[in-house]
Amino acid sequence: GQQVQQSPTSLVLQEGENAELQCNFSTSLNSMQWFYQRPGGSLVSVFYNPSGTKQSGRLTSTTVIKERRSSLHISSSQITDSGTYLCAIRSNYNVLYFGSGTKLTVEP
Amino acid sequence: GPKVLQIPSHQIIDMGQMVTLNCDPVSNHLYFYWYKQILGQQMEFLVNFYNGKVMEKSKLFKDQFSVERPDGSYFTLKIQPTALEDSAVYFCASSLGTGGGDTQYFGPGTRLLVL
Chain A
82 GQQVQQSPTS
92 LVLQEGENAE
102 LQCNFSTSLN
112 SMQWFYQRPG
122 GSLVSVFYNP
132 SGTKQSGRLT
142 STTVIKERRS
152 SLHISSSQIT
162 DSGTYLCAIR
172 SNYNVLYFGS
182 GTKLTVEP
Chain B
38 GPKVLQIPSH
48 QIIDMGQMVT
58 LNCDPVSNHL
68 YFYWYKQILG
78 QQMEFLVNFY
88 NGKVMEKSKL
98 FKDQFSVERP
108 DGSYFTLKIQ
118 PTALEDSAVY
128 FCASSLGTGG
138 GDTQYFGPGT
148 RLLVL
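Respectively, the protein sequence lines represent chains A and B.
Counted the way our numbering counts, the first sequence spans residues 82 to 189.
Counted the way our numbering counts, the second sequence spans residues 38 to 152.
I should point out that these hints are in silico values taken from the structure, not numbers from a laboratory.
As the structure is a computational prediction, the values presented were derived from the model and not from experiment.
Check each hint, because a few of them may be wrong.
[Unchecked claim] Now the stretches of chain B that chain A is said to cover, found in silico as 3 or more residues with beta-carbon under 8 Å:
1. 69 to 82
2. 102 to 109
[What the hints assert, rightly or not] Below, a list of computed lysine to aspartate or glutamate pairs in the DMTMM-like style, where the Cα atoms sit at most 20 Å apart:
3. B:Lys96 x B:Glu81
4. A:Lys135 x B:Asp100
5. A:Lys135 x A:Asp162
6. A:Lys184 x B:Glu81
7. B:Lys115 x B:Asp139
8. A:Lys184 x A:Glu96
[Claimed, not checked] Just some of the chain A residues that point at chain B, by a computed CB distance under 10 Å:
9. Gly121
10. Leu124
11. Gln159
12. Ser163
13. Leu167
14. Phe179
15. Gly180
Beta carbons are placed, not taken as given, at the ideal position from N, Cα and C, and that holds for glycine.
Only chain B is shown next, with the shape it has when bound in the complex (with noise of 0.2 Å):
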């Protein structure tokens, strides 16, 4: 079925510096979304994205956070400056409408720590 790839799959970053989470939607695709795992706690949304617009947003998407999407390549999410408690599995989908029928492909996610 379509797959959604996220690079890296690890990231051990220190407090303080900025990181990219990178994610290459399915490619048809024109709704983005990043969701936030924190190790054994649910999942939970952070932010969704369409034509260059950031759709709705949760109370998790801190103001150190941003996503863009530049010239149909990587949909990405950055964290500037990055904090202890942003250490978690953070997850990329994607979708191609958001009608009834239109599920959300998932990524493997990317596993972020933060020293």
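Next comes chain A alone, as it looks inside the complex (with noise of 0.2 Å):
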């Protein structure tokens, strides 16, 4: 079954506005991953979050481990962060299964 899931499937905003990404995972796992997908489709390493909050800028990853959620949280969104928000859990040997993905749209 659908392991991770992703919520919201699309969002837009304009620029400057705040996005909250979540997802939702039903099994156990080892760590939390937050991938970019470029427009073009190669994917960046965003967060590597398995507990907790870490920030890196405008970005903000919270993870609750006993409650199987996270977040990412882009404060004062550009133009440049449209794209598509990917989580992912690792499990054994480092395999990772991804939700279906946030894709996210700044207008100016």
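The task is to assemble the complex, starting from two chains supplied on their own in separate frames and drawing on the hints.
Written out as structure tokens, the structure reads:
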């Protein structure tokens, strides 16, 4: 079954607005990771966050293991933030199981 | 940062033919992965590979699929014979280890179209 679920499916913001992306997982995991997928397709790791809160610039990730959820907060969104954000759980042998992603569009 | 290269970027072939997708992983990485993403759908794990062996594979890794990395060269995914449902973007990834901080680095993908 579906192990990783993301919401919303898509999100349209005006430049400067904040975004909150959610990830829920239904299975035990070793850790949680967030990726950004460029419109062209390649993936870049945004956060490796097994638990707690991490911040990097305008991005903040919070993972609560016992509630089986993780969130990615983007503050003061910019046009260049547009793309798809994927969360993934890492299980045995470092295998990543991805959610369906949140497609973010930031408009001027 | 570290880069993973994939060759070719695009490939169009006729159903039933063989195709080999090539991945040039990060130079000192030891673990290698293939993922498949059908257009508009989520990324799915296919297989991972370490020390010349498949460590784990998913149900998507059909008998027609094989992987190898001969003599430290390209890490390859071979599909023989191809089927229409193999059309997708295939992403290669590599990591130094499998510990908590060992993130996977992804290539740009090979877009495979089977006609």
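### Query
What are the numbers of the hints the structure violates, in ascending order?
2, 4, 7, 11, 12
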